[in-house]
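Peer 1: Residues per chain are reported as follows:
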Amino acid sequence: MEILFFGNLIDITRQPKELIEGVADTATLKQLLEKKYQPLQTAKYFIAVNGKMVQENTILNQGDTVALMPPFSGG
Amino acid sequence: MEILFFGNLIDITRQPKELIEGVADTATLKQLLEKKYQPLQTAKYFIAVNGKMVQENTILNQGDTVALMPPFSGG
Amino acid sequence: MKTKSIKNIFVEGAIAPQKIANSIAQHATQKNIGAHSIFLGQVRADEKEGGRVQAIEYTTYKEMALQQMHDIREELFKKYELTCMHVYHSLGVVPAGKISLFVFVSSTHRKASIAACEELVEAIKFQLPIWGKEILNNQNTVWKENH
Amino acid sequence: MKTKSIKNIFVEGAIAPQKIANSIAQHATQKNIGAHSIFLGQVRADEKEGGRVQAIEYTTYKEMALQQMHDIREELFKKYELTCMHVYHSLGVVPAGKISLFVFVSSTHRKASIAACEELVEAIKFQLPIWGKEILNNQNTVWKENH
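Same order as they appear, the protein sequences are chains A, B, C and D.
To convert, note that position 13 of the first sequence is 13 in this note's numbering; the numbers rise steadily by one, no gaps.
To convert, note that position 30 of the second sequence is 30 in this note's numbering; the numbers rise steadily by one, no gaps.
To convert, note that position 86 of the third sequence is 86 in this note's numbering; the numbers rise steadily by one, no gaps.
To convert, note that position 12 of the fourth sequence is 12 in this note's numbering; the numbers rise steadily by one, no gaps.
Hints were generated in silico from the structure; no laboratory data involved.
As the structure is a prediction and not an experimental result, all values here were calculated from the model.
Certain hints may be false.
Said to hold, decoys possible - Simulated restraints, written as ranges between beta carbons of each label pair: (1) D:His109 <-> A:Gln31: 48 to 56 Å; (2) C:Trp143 <-> B:Thr65: 22 to 30 Å; (3) D:Lys78 <-> B:Asp25: 53 to 61 Å; (4) C:Glu75 <-> D:Ile6: 37 to 45 Å.
Idealized CB from N, CA, C, for every residue including glycine.
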């Protein structure tokens, strides 16, 4: 499973992506990442699974791409 | 006093302007012009005196410029 | 007439896309601008009874139009936080497919320029003494109406 | 992914005024267009704590952004009677005073293009995964926020 980080989250993770396997759902992934990168706990971000925003906890499957995205600021 | 005609009104008057003297007010001028150019009676137009739109009957003075203007269609 | 200078907005014939590019490029030095809203009016080849529109010929009551435009400009600068505002309108013949109106409003934040540009376009259409005569391909003419 | 083709909207670096002129000129052949609404986003040299913005560096989640843009485009074509819609957004570094967003909406009548253009700009700002990092003249950086 590929985890992508964007915007100011990369300042926290120091890398734009990482590979993680065997995580059941987005809530578990959040916990895991916020433990690994503690400043994520107070960062504002949305989660997208395979390019679709998810609000609720969502089951993750092998091969999924999960993106952590801070508020957008294009334009 | 200079009377200016614009847009489709020139199709009626066949001239863009004419000089008329000794007309007391815009209501009298309208009567006079609509007698001279009968299709004006059914034409839709506004009157401006010295570049300002007038809705009510307005006193005219020597040297005034009166414009007869159909609905605007710029752009 | 006010004492403040009255700007001319009229250009003879169609407005070239290059003029629009130049106007945009000239604003690169104004570092407080964040948003440009542009409206362009293009002459349509509408089908009319008896023919298709080939061109529109524009006429105006110039003195009154420029004074009105001046007043509209001042109102909008009072109402919105704008950096600049440019208006160009064609006179004479503009062929179908060409630009006859170029409205360009700039501001620090987008909401002001977008709202002012929309209001400005409506004001130009309904408050400026300008008339368009549509010239059909059978040489008949139809006076344009704004909606 | 839909089967309909996904258009790229991203360009590397600033958008040149000449590109805007070319886009406008290319629409002269579409004789049913009466109105073009254009929005341009320009990088501001804002004063921040510790320095002044010299440039913005844009990054995106490209695959998602293009899919979102595709969906926004389809929605707007359903909602408004539009002739065409073009969007270009910069990636990478865009210096202050230069254009980073070019939105171009055309229609037969002005109301559709004006309303759709405004809606499109809001959608781009708040629905596309794009991030701007402001680079200050002291080389510090500040993540941009949209309002």
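Peer 1: Give a verdict on every hint.
Peer 2: Verification of the supplied hints:
no. : hint                             : result
1   : D:His109 <-> A:Gln31: 48 to 56 Å : 54 Å, holds
2   : C:Trp143 <-> B:Thr65: 22 to 30 Å : 23 Å, holds
3   : D:Lys78 <-> B:Asp25: 53 to 61 Å  : 56 Å, holds
4   : C:Glu75 <-> D:Ile6: 37 to 45 Å   : 44 Å, holds
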